[in-house]
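Engineer: Chains as they are written, first to last, in my numbering: chain C, 1 to 483; chain Z, 1 to 483; chain G, 1 to 483.
Source of the hints: derived by calculation from the structure; they are not laboratory data. Keep in mind that a hint or two might mislead.
Note that identical chains are pooled: a pair holds if it fits in a single copy or bridges any two copies.
Stated by the list, open to error - When the alpha-carbon atoms are kept at most 25 Å apart in a straight line, the in silico SDA-like pairs for lysine to any residue are as follows: (1) K478 - R115; (2) K478 - G86; (3) K478 - S144; (4) K478 - P145; (5) K478 - E176; (6) K478 - A36; (7) K478 - W398; (8) K478 - G51.
This one's a predicted model, so the numbers in the text were calculated from it and none came from an experiment.
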Amino acid sequence: MRRECSVASAMAPRPLTLDPDRLLPSEPSLRERARAIYREITDLPIVSPHGHVPASLLADDRRLDDPAALLITPDHYVTRLIHSQGVPLEDLGVPRRDGREVESDPRAIWRLLCRHWNAFRATPSRFWLEWELHELFGVRTRPSPDTADEIYDRIEQTLASPELRPRALYRRFNLEVLATTDSPLSNLSDHLALRDDPAWDGRVIPTFRPDSLVDVASADWAGSVAALGAMTGTDTTHFSGYLEALRSRRAAFADAGATATDHGPRRADTTRLETAEAATIYGRALAGKLDVGDSAAFGAHMLDEFARMSCDDGLVMQLHPGVHRNHDAGTATAFGPDVGADIPAPTDYTNALQPLLNRYGSHPNFTLVVFTTDETTFSRELAPLAGYYPAVRLGAPWWFLDAPDALRRFREATTDTAGFANTAGFVDDTRAYCSIPARHDVARRIDSGYLARLAAEGRLDEDEVLDTAVDLAYRLAKATFRL
Amino acid sequence: MRRECSVASAMAPRPLTLDPDRLLPSEPSLRERARAIYREITDLPIVSPHGHVPASLLADDRRLDDPAALLITPDHYVTRLIHSQGVPLEDLGVPRRDGREVESDPRAIWRLLCRHWNAFRATPSRFWLEWELHELFGVRTRPSPDTADEIYDRIEQTLASPELRPRALYRRFNLEVLATTDSPLSNLSDHLALRDDPAWDGRVIPTFRPDSLVDVASADWAGSVAALGAMTGTDTTHFSGYLEALRSRRAAFADAGATATDHGPRRADTTRLETAEAATIYGRALAGKLDVGDSAAFGAHMLDEFARMSCDDGLVMQLHPGVHRNHDAGTATAFGPDVGADIPAPTDYTNALQPLLNRYGSHPNFTLVVFTTDETTFSRELAPLAGYYPAVRLGAPWWFLDAPDALRRFREATTDTAGFANTAGFVDDTRAYCSIPARHDVARRIDSGYLARLAAEGRLDEDEVLDTAVDLAYRLAKATFRL
Amino acid sequence: MRRECSVASAMAPRPLTLDPDRLLPSEPSLRERARAIYREITDLPIVSPHGHVPASLLADDRRLDDPAALLITPDHYVTRLIHSQGVPLEDLGVPRRDGREVESDPRAIWRLLCRHWNAFRATPSRFWLEWELHELFGVRTRPSPDTADEIYDRIEQTLASPELRPRALYRRFNLEVLATTDSPLSNLSDHLALRDDPAWDGRVIPTFRPDSLVDVASADWAGSVAALGAMTGTDTTHFSGYLEALRSRRAAFADAGATATDHGPRRADTTRLETAEAATIYGRALAGKLDVGDSAAFGAHMLDEFARMSCDDGLVMQLHPGVHRNHDAGTATAFGPDVGADIPAPTDYTNALQPLLNRYGSHPNFTLVVFTTDETTFSRELAPLAGYYPAVRLGAPWWFLDAPDALRRFREATTDTAGFANTAGFVDDTRAYCSIPARHDVARRIDSGYLARLAAEGRLDEDEVLDTAVDLAYRLAKATFRL
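Excised from the complex, chain C in its bound form (with noise of 0.2 Å):
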């Protein structure tokens, strides 16, 4: 029974409450400041320039899914959790590559959650998932293997509910705007109906990604190069091509609302090639005949390609390096990318981004938001970027870093050097649509704490620090990504 400490244990149910207090500082008189922050900004509406949730959903705007397929399965950051504990993704009802059966009873995979409820304590994880089991499904009873059955109940019966169709969700989540991610060969049809659907007044905007498009070392590229060349009618069998076919997509994505573009590379090289190299590298990777490094650095070497598109179409450009994806080969087998297994590493901004900003670091058309999931890059390397060159600004702490501590590291890091001007505002990142009110309160919760303390530190006014929550929390997002 070596997994005992990390089981709940069968005993009373217990309440399932949310403290209105929470993630405020506990020390009184600080928590009373930042209790007026966080009034003050409690009701802005939602801006969410960056996630992962379909456009489908809302253009849809059918039922939401069963708890499981809801809450559990297509979340790695839930599934990655569990899978640590012993269990098999397999029996978290994660689909198999190869069509192998997997768990498809949504109560049994529920169960596992609730089974495994312990071993969320503390994590953002847990934070999200009771905001949601409490006020999207008025669970009053906290996860366990006794009341796994009756809340599974609960959330089946509120799901039923036309206050829970995607579209109420979204007047009642009071988002603004939500952007997706999208790859360049979609043909963004469920953006175009949305902003066409007479009944639909809210904003879902694209976002143009087109890493699938750049990996020259995949399989499916030269396929993905030929749809891309049928799909915007222009020969890619040609360097030129590629990248008149790239502009074209990216027009298309701005005519359909889009405001930026989003680019998760290994590493941050932008070393730039001359342009007949990177032909030669774009024939040989057609050709299915790649020298070593000629994928890195043709990756290289279009990232300063889309910050020269940027300059010119006005999309802002966001990267975020410095993950090992599919780490667990086994894994990435079985189930293929996004499950869990993705490993952040040591990553270079300082000498990696020099290149690009030499180019287009203060062209004023440029914005380049970055992301880091290394967070001793914060003070050391991301601050000093932003806070001398004008087209960096600072990405919200992401992926392994949202969290509350992690959020309150990053203003603790890079405050001092870059300030609040150069950062570009929370991001929710997440394919988990119920989750979004609840990280982007963590945030406004977080920094209102910090705020408080800054303000009780006798670092900035009452009036400034009330400003700044509104920034942070609100204005900060819309400036950087032109919304």
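Chain C is fixed; fit chains Z and G onto it per the hints.
Structural biologist: Below, chains Z and G alone, put in the same frame as chain C:
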């Protein structure tokens, strides 16, 4: 007089006191919460699964050494800091390898500690020493040049008491199990003697640490391997015999109570070689004809072999890479290893551990406890690895990080991503037997303060906080190390 | 209007105030303790062992410059942050190397600072500027577009007063000693004039900074070396003459009051070459025929030579590697160095310093003060090195890390392993003469808060806290820098 700041000045003796609330948060309401948590765990037995106390201490149960030999000379935490103030290691009684005379008067050595007491201000060594002085030896005066002799005499007098014998202290410390660290070449006679001693009802278990048998570049290696062969009746002139001999010693260790192994390589690389290639390096090593890179490649391969053996025999594998040992060549030549001249360096885990974790990271019988002296890896690498791979558990902050603020930073940086259930409990890692309770007490106090904050911030409920406190202080170490 | 968040809006003028408790912990009992500590050290003289104020300022004792030239244009902390908001350096009056016109109206430059005052929220530059405005110039209105002219006039008017002359400020600032930073080619005339001025009873001492004479790859190097030869009457066409000339200048600096040298290489590598090899590189450099790697190898060797010279002449060696200088090539070409475009990068100390410390780290006449802009090295490398090697002292958090929260993190990350006695005291490292008291005041306040916490947590006794506070604010800098 450039060192004047750090030398205790002559003045009226100051009292030595222990604040009952020491290390608890100072804010009154948080302190009250932390006290309540601490009260629940302060009397739990101590589980010490990783340390360096010799088993002979308890097997022999002799009077403890003089104050210098007990508290100063063998403790590199203490000698290094006095050395940093310009005191030669000879003056602290550290034996020279060439046999040249060093200070042999324990009272003179003791006076040096008292003279440099100020250099220890706010360090964990001082915290541990104060506890020992106050609780074990009844000292009520702060060490200083003026009080050195009086304190020395007091310790000497107390050490004569039967209550200060090692076995009496074992009971007084409320130890439930104490693991030692042992060479595979150890015959474990002291462990076996203890096991068979009807007058002894404690639990002292060995830990299998094969580093000296893996370091093919060391001058002693060939002799050690020959001794291993002789000890096990195995032909260690070829690689498969060497592996068989190691397995045989692991079985003997398990018979003597061991539940774990321990590995301290320079780097965490775990790249497996083809078996034939490993065997070839082994042959070159025996022939004294190593190629460049052989030593590192063989060490990496052996980590894979040891992980495989752990899957078979269930011994928990502990890994603590990243320390540049014997950084000061002159000191290494004169005094040998483990005298305080080891310095950490940046350590890669994400890439280095991938081969091993891809093979064994989800094996149901495998547990890998990973330690670090590079705290940048807490949030970036170790918590993500432990929060995904079922086999990985985070070792406690260790060595340079076994200190109040670092223990707190560990929780703040890892809990978000790994939770508590993927941590391994506290280890004291000490050669200083008398400091064991103080070391565990520091961890319990810091965790109480951390959990108090979580409760005050609405991140955990009261019952969960108390339950987690027992996990961290007691259950997780037992479960992780299969005790 | 993407920058709208960071631009001060027009509204009723706000007061400018200084909270007497600023930067002290906000929790009431901790604040009370911190206040008591701060009261004991706030009136201690300022020891400034490392900075960039020109000696001519005090030698000439002229009226200080206009507000822009005094507080903005030469201070790269200030220009970089305004530049990050999209303001060209030309508009801030930073002179171009090609002589093309830049803004020359100090009032226009001042208005830019006031317009972007919000970008400075919670930054240390704002903290220092507020102190200067409030305490030196009597400003009681917060800078904003509407108040810019009024404040400008107020500063101008105040600057006319004899109380604002540099020497008067030296006394008012309670400076005990002020070190400048000087090229070996400086004739130190201002220092000598001050020394011989009967009307001057302060202490302004030079610091020997030979970087420009070591950088063999720089275009100016050969000329500098020739000038060095002419100045010292030494034949610098060969390596031994070059070393002799450097020793000669060190002696002249020591005669003029210098107690320290200063070295800012890109990396901390200290690998010594064979003397003949170093001489060969020196020859190639003079011949303009450097090989790849020559420059780095020569720089590393020279750190060893300088350490050896320090053992001989007792000048304290300061080392601050790790900054990628002139990161923005366009800015470097247009404006030259030191205009805010320097970005830190990861820095190795453990391996890089080993050669030098193995040779001189225990030498009784050697002190090496190590600075960093990479705070990951605080607990991992620098504190362990300083906690072992007698020669090593930890320099204060510096440059990007000279800020309230970073100062606190420095103590929390280094005290465990290095204690206080191995730290070097605060350095302000500033070009902004008027900001010196504010910078030292920040450090004193943060240290008071940190020590208050140690006392409240039972980690230090009351008398030790007060004694340590004086060490940190005054004694350690004097002792370390042999003042």
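Engineer: None of the hints should be skipped; say for each whether it holds.
Structural biologist: To see whether the hints hold, each was checked on the structure:
{"no.": "1", "hint": "K478 - R115", "verdict": "between (41 Å within a copy, 21 Å between copies)"}
{"no.": "2", "hint": "K478 - G86", "verdict": "between (42 Å within a copy, 18 Å between copies)"}
{"no.": "3", "hint": "K478 - S144", "verdict": "between (41 Å within a copy, 24 Å between copies)"}
{"no.": "4", "hint": "K478 - P145", "verdict": "between (43 Å within a copy, 24 Å between copies)"}
{"no.": "5", "hint": "K478 - E176", "verdict": "within (10 Å within a copy, 51 Å between copies)"}
{"no.": "6", "hint": "K478 - A36", "verdict": "within (23 Å within a copy, 45 Å between copies)"}
{"no.": "7", "hint": "K478 - W398", "verdict": "within (18 Å within a copy, 34 Å between copies)"}
{"no.": "8", "hint": "K478 - G51", "verdict": "within (15 Å within a copy, 41 Å between copies)"}
In terms of the numbered hints stated before, the structure departs from none.
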